Every structure is written in C-alpha cells, then in structure tokens.
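Asker: One-letter residues, chain by chain:
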Amino acid sequence: MSDLVFDTADRLFGDAIDKALLDAAEAGTFPTALWQSVEQTGLVEAFADAETGVADAAAVLRAAGRHAAPLPIAETLLARRLLQRAGLDAPEGPLAIAASGDANRIEVAAGRVSATLRGVAWAGQARAFVLLTGDRVLLVAPASATIEAGRNLAGEPRDTVVLDGPVLAEAAAPIDLERWRRENAWARSLLMQGAMETTLEIAATYANDRVQFGRPIGKQQSIQHQLALMAEEVAAASVAARLATERLDAEDAFLAVAAAKIRCGEAAGKAAEYAHQVLGAIGFTHEHHLHHLTRRLWSWRDEYGHEGEWSIALGREVARIGGAGLWSWLTKA
Amino acid sequence: MTALRFDPPTLPAEAEALRRQVRAFLAEERAKGSWSPRGDFGTHPDVAFSRLVGAQGWIGMTWPRRYGGHERSGLERYVVTEELLVSGAPITAHWIADRQSGPLILRNGTEAQKMRFLPRIARGEIFFCIGMSEPDSGSDLVSIRTRATKVDGGWRITGRKVWTSNAHISDYAITLVRTGPAEPDRHSGLSQVILDLKAPGVSIRPIRNLAGHHDFNEMVLDDVFLGDDMMVGQPGDGWKQVTSELAFERSGPERFLSTYRLLTALVDRGGEAPDDRVAETTGRFVAHLWALRGMSLSIAGMLQAGETPNLEAACVKDLGNAFERAIPETARLVAPSAMPMPGANDPFDAIQAEAVLNAPSITLRGGTREILRGIIARGLGLR
Chain A
1 MSDLVFDTAD RLFGDAIDKA LLDAAEAGTF PTALWQSVEQ TGLVEAFADA
51 ETGVADAAAV LRAAGRHAAP LPIAETLLAR RLLQRAGLDA PEGPLAIAAS
101 GDANRIEVAA GRVSATLRGV AWAGQARAFV LLTGDRVLLV APASATIEAG
151 RNLAGEPRDT VVLDGPVLAE AAAPIDLERW RRENAWARSL LMQGAMETTL
201 EIAATYANDR VQFGRPIGKQ QSIQHQLALM AEEVAAASVA ARLATERLDA
251 EDAFLAVAAA KIRCGEAAGK AAEYAHQVLG AIGFTHEHHL HHLTRRLWSW
301 RDEYGHEGEW SIALGREVAR IGGAGLWSWL TKA
Chain B
1001 MTALRFDPPT LPAEAEALRR QVRAFLAEER AKGSWSPRGD FGTHPDVAFS
1051 RLVGAQGWIG MTWPRRYGGH ERSGLERYVV TEELLVSGAP ITAHWIADRQ
1101 SGPLILRNGT EAQKMRFLPR IARGEIFFCI GMSEPDSGSD LVSIRTRATK
1151 VDGGWRITGR KVWTSNAHIS DYAITLVRTG PAEPDRHSGL SQVILDLKAP
1201 GVSIRPIRNL AGHHDFNEMV LDDVFLGDDM MVGQPGDGWK QVTSELAFER
1251 SGPERFLSTY RLLTALVDRG GEAPDDRVAE TTGRFVAHLW ALRGMSLSIA
1301 GMLQAGETPN LEAACVKDLG NAFERAIPET ARLVAPSAMP MPGANDPFDA
1351 IQAEAVLNAP SITLRGGTRE ILRGIIARGL GLR
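Residue numbers (the numbering used here), protein chains in the order written: chain A, 1 to 333; chain B, 1001 to 1383.
The shape of chain A in the complex, shown without the other chains (with noise of 0.2 Å):
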C-alpha cells in the first residue's frame, strides 16, 4: 500500500516539478496547479487509512522530498491529522500550522484569538491556520492574520504572522505540544531522507560523466570514497526515518523520533558537503539544480529542533535510565 503511495506521489512531483517551477515558486509563484494535483491524488489524506496512514504519509513525504516540492505538504498533512484527531473538519486547500511554545505567543478569549507567531511555513497560502495550544486546537481564518514575509535558506516561506481574529472552530487537544513537536520532526526527516537520496544520485552520476585527467572522476578514489560515505549517511538516515515512521504513534516513540531528526540532520550536511565537493563549481552555480536539494537539506535539518537539541534531550533521558539499563532500553523500543 505504501509502496503504490509513494509510486504515485514521485510520479507526480517527478513528472510535474522540474527546475524552472522550483525558481518560479522561489520568486513567489506558487505551484498552484501542482497542489490541485496533489489534492485531488488524495495525497494530504494520506495519514487517513487508521492502519497504514503513518506508513502512506511517511511515502509522501520522502517523494516530496526527493523532488523539492515546493509546497506545505509535510504542514498540511500534519494539520489535516490534528483536526481529524480533534474531530474537527479540514477546510481544502493548503494549510499552515502554528504551536504554543519557543518564540511563539497565543492568547484565547471571548472566542477570539490574538497570536504572534514566528516561522510559520507558507502562511501566504494558507486556508487556514491551525494552532495548537497546551490544551486546545484552534482554526482561524487567513482574514485574521497580517503576514511579514520571511524565508529559509532554501528560500520556503518561512513567514512572522501575527492574528487576531476569531477562532471559526476549536476543541480540546489530542495531542500535546511535545508530541506534536515529535511529528513535525518525524516529518522532517522523511523529507531530508527524501532530498538526500535525489542528492546522492545528482553526484554518482556526475561522477560517472564528468572527465578530467582524461577519465571520468568517479574512478578517483578519493571520489569513490567520499561517494561511499556520503550512500552510507543515507543508508542510516533512511533506516532511522523508517524506524521512526513504525513507531511514531507509540507511547515510547521518543527514542525513535529523536534518533531519526538526529541521524537524518547529521547526514544532510554531510551528505550535501559530499555532494558539492564532488560535482566542483558547476555545482555551486544558481544554474544547477543541486542547491534546490542542499539548501533544503541545511534548512530542515534544524527546524523542529536540530540534531544537537534532540542529542541533548536523548542524552538527558539516556542518564535517567543509566549506563546499566540502556541495552534493555534500546531492545524494548
């Protein structure tokens, strides 16, 4: 099931996304009918099916990280699931997300929402903002909201939004702040798994073109094993994304997350360092379509926490259990 999901999301952002809809999106145009396709694929309702939905949306994202999709699909499946869980009705079209905590400030009263909110992705094209509070989940309408215009290094809006407005609909939170944090992580690191495996076929097969010296550079050795480092950070960012995708709605899914948005945000620099060394300068230019890939990579790799917070807060529970009890730990998660 999974494996057809992901089949027709990569089809459809391999066939539909090439280099100048990536510029387009990054001067401001938004791929609109790129997300109708999306939408009417059933793709934002991937987590849908109660018992392959966290596999479904684990393969849409990996797609959409492989090609740079330049859309909120991590962002509008994660709202779709939080409304549903909530029992409240997803408004179509894309959504942005918004949670209490860090730089962000929200205020509930009298049925009117007043919040300033920092890093919000795609709020210019949102339907709908939806905001997770310590114990509520609250819709609000893009009319409430004034929208400073801000962006990532890979150039996705990344926007300051304040809103004050009224709430159209809420209820009680199904989840809480921490957990959220885990899936927007989780999520994360399928995209980085995504675009570092795009990323690790860009440089093999430049590799295998490029001549200097009178041969291709891949029969370098020094080229070779750079190629090797850079398959094996991909091989276990992929193993700790997958690992986190079957355990996400677990009790314990801590471990498994933290691994993964560790794991996956180590091998994304250095998977892009490798990248770039190989293809040399051509790879460095705007022409080139690698830094679509890499600039993404440098930019999720520290949203929803960087891979030296995750270490630290692993680390932390890591003592609490103890040099002795870790094994057992590890084996039971």
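Keep in mind the hints are simulated off the structure, nothing from the lab.
Be aware that a few hints might be false.
[What the hints assert, rightly or not] Computed Cβ-Cβ distance ranges for the label pairs, DEER-style:
hint	chain 1	residue 1	chain 2	residue 2	range
1	B	1305	A	141	49 to 55 Å
2	B	1071	A	7	36 to 42 Å
3	B	1136	A	210	32 to 38 Å
4	B	1333	A	105	36 to 42 Å
5	B	1037	A	151	49 to 55 Å
6	A	16	B	1136	21 to 27 Å
7	B	1364	A	289	51 to 57 Å
8	A	18	B	1071	51 to 57 Å
[Unchecked claim] Computed list of lysine to aspartate or glutamate pairs in DMTMM-like fashion (alpha-carbon distance at most 25 Å, straight line):
hint	chain 1	residue 1	chain 2	residue 2
9	A	332	B	1370
10	A	219	B	1140
11	A	270	B	1329
12	A	270	B	1276
13	A	19	A	39
14	A	332	B	1140
15	A	332	B	1007
16	A	270	B	1370
Fair warning: this is a prediction, and the values are worked out from it, not measured in the lab.
A virtual CB, placed ideally from N, CA and C, is assigned to each residue, including glycine.
Given chain A, put chain B in place with the hints provided.
Answerer: Chain B in isolation, oriented as in the chain A frame:
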C-alpha cells in the same frame, strides 16, 4: 546505481523470549563466578565459558539438528549474539567457528566433514581460526603465495600466514591456499582447506599487538600434509567461497558494539544530571547505535531469506567501525576527569584505555575501510 536495501524486521516473539533466557543465563553464571566482563577486543578467550554457551545451544544455533545444530532462526542467533556482546562475555574462543567456519563447512563441506566437525563446534569443544593474510598479501588477498601441491591422497602445504587471530588457542584453521594457476584470472586456483593446527610442520608464533595483547599469530606451514578429506568444496572454488561469507562477516553486531561498554561507562560517569556536552555526546551516540542496529538487523533478515547483501554489509561495517572509534575519541573530551589506564579500577578509565589502544584494529580487521568503500562505490555504479 544499485539502491541500498534496508528493511528492518520486527523481531519475532521467540527471539525476545530467548533474549530473556540469555540475560538470565549471563546473570546466573556471573553470580557463580563463571565469568566477568574483561575486555571487548577478543583478548580473553575462555574455553570453559564457550562450553557453557555450547551447552545452552547457542553455538551453531541455525544449523540442522543432525549436525549438532538447533535449527533456530538467524534472527534468534542475532539476539543471542548481541546480548553476549553487550554484556562483555568472553566468547572469543568459539566466535569464528560459530560465525564463519561452521557455516562454511555446512554450505560447502562434505557429509563426512559436517559429521566430523559441526557437532563438536556446536558443543564448544573445538575452535577455529582463519588463515588468510600473508606477509605480502593483505587487502590484496588473491595474491597469496601459500601453496598446496597435490600428492597421493592429499596435499602438501608450504607458506606463511600472519595476523591469524587466536591460532594459539584454536584446533583448526580454515586456510586459504593456492592449489592451481592464477589463470585465466587470478581469482581462480584458490582453495580453502581445514588445517589441523597440531599437524607436523605447523608452527605458531605469537605476534604481540600494540596494546600488549597476544591475539595475532604467525603460522608457518612447512610441507604440511593434508588429506583429501580436508579440502572444503572443490579445489579452485576458494575465492567464490570466501566472498560468499562476507555478508555474514561484515554485518553482525560485533561490527558496531566493540566499544558499547565505554558508552555505558560514559553515561554513568556523566551521572543522572549530565552537563550538556556529555548529554549531547551520549544522545548522539545512542541515535547512531539505534540506526546501526536497524541496518544490521535488516541484513540478518535478508541473510535469513537466502540473500547475499554484501554491499549493505560493507556499509554496516564501515559505518559501525567509525562509530566504535568515535566513542573513545569523544569520550575523552567530555568525560569529567578521565584518566585512561589499562586495568584501572574505575571502569570508565579501564575501558577507555583499552578502546584507545585497540582502536586501530577496528578499521583493519575483516576488511579495511578502504576496501569497504571501494565495494560500496562499485555498488553505486562507479569504476
């Protein structure tokens, strides 16, 4: 480009039940004084302990019962192996026979060889080592010069093997020899034989390593007679057989757990409320370990399904070895007041010392990192 395939299996309930049995066995035997953790680099073989493990049915676990095996799954063997390794139990003596020599004989040996060797290996009565490297042949293994010459009823072998771990405590060595010409290609003409280490003409000399331990040996073979019944497989099939063992040799938990006990010692040294540096270090290492175990388990699943994931195994070994070496290198920087010293009373100091001194061997034994990366690059379609 060949995509690397990793598909971590869920361990079956039998394997988890077995895990509890292994833990109970280790705790009970340790309480009795049968063993204590004494080093993680194969420097403390313990024949008596290996017999205890054999008596539990945990050597040759996957082999057919008629050869003394226990017909358990590869995943069950995996669980036993990882439990023994993380505990620091002395399993060096039977390790090679269980992982490699026994399976080789099972796959390629004659019925008589299987009946003669496998039940005794499974009981922990006989031990094997592997004679591969020579003074002039390391990573370029096909260049070996130890030669077996056909004589009436068998072979006469002359040559020198080096870096042969545990030859001094083993009964037999699976030895790679040249039996035929290096043509049409140099991979042909190699054969694997079962060498009786007590045979006339075999001399074994210790080679101490930089950590001061005796693990390596030099084996000099001077016109050693070997009966026809000690050839494994057909003469000339040696290279094919050696390469078919690689996924078994390179993917197991021993490829990333050899400094695990230093990680737990670091966790304990950091205490219940560690500073950020210790927490970040241990957290990151646990994340790496988690992913490596997933990769290694998925290879165990593929091996059980009869596949030969050599490429994936090379990944696990290279990445796992880098992880093993990173632990002592980072631990020394973040551990509060560490003073590494071999044999120190403080477990952290003792294990740290052992890990630093043994680290160079990690990325050499069982395929150097350079060879592994070449294999992976070829899998990516380069070369």
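Asker: Could you tell me whether the CB distance from residue 1305 (chain B) to residue 141 (chain A) stays inside 49 to 55 Å?
Answerer: 54 Å, holds
Asker: Tell me if the straight-line CA distance from residue 270 (chain A) to residue 1370 (chain B) falls inside 25 Å.
Answerer: The given pair, whose Cα atoms are some 19 Å apart, holds under the 25 Å limit.
Asker: Measuring from beta carbon to beta carbon, are residue 1364 (chain B) and residue 289 (chain A) in 51 to 57 Å?
Answerer: Violated, since residue 1364 (chain B) and residue 289 (chain A) (Cβ atoms, about 40 Å apart) do not stay within the stated range.
Asker: Within a Cα-Cα threshold of 25 Å, do residue 219 (chain A) and residue 1140 (chain B) meet the stated pairing?
Answerer: The hint holds at about 19 Å.
Asker: May I ask you to test the hint 49 to 55 Å on the CB atoms belonging to residue 1037 (chain B) and residue 151 (chain A)?
Answerer: 53 Å, holds
Asker: For the pair supplied as a hint, residue 270 (chain A) and residue 1329 (chain B), confirm whether the alpha-carbon distance does not exceed 25 Å.
Answerer: Distance of about 19 Å is within 25 Å: holds.
Asker: For the pair supplied as a hint, residue 19 (chain A) and residue 39 (chain A), confirm whether the alpha-carbon distance does not exceed 25 Å.
Answerer: Cα-Cα ~22 Å, so holds.
Asker: Between residue 332 (chain A) and residue 1140 (chain B), does the CA-CA distance stay at or below 25 Å?
Answerer: Since the Cα atoms of residue 332 (chain A) and residue 1140 (chain B) sit roughly 42 Å apart, the hinted pair is violated (cutoff 25 Å).
Asker: Between residue 332 (chain A) and residue 1007 (chain B), does the CA-CA distance stay at or below 25 Å?
Answerer: 19 Å, holds
Asker: Given a hinted range of 51 to 57 Å, is it respected by the beta-carbon distance of residue 18 (chain A) and residue 1071 (chain B)?
Answerer: 55 Å, holds
Asker: Assess, step by step, whether the Cα of residue 270 (chain A) is no farther than 25 Å from the Cα of residue 1276 (chain B), and give holds or violated.
Answerer: Holds, at roughly 23 Å.
Asker: Starting from the hint 36 to 42 Å, judge whether the C-beta atoms of residue 1333 (chain B) and residue 105 (chain A) obey it.
Answerer: 39 Å, holds
Violated hints, listed in ascending order, are 6, 7, 9, 14; each of the other numbered hints is respected by the structure.
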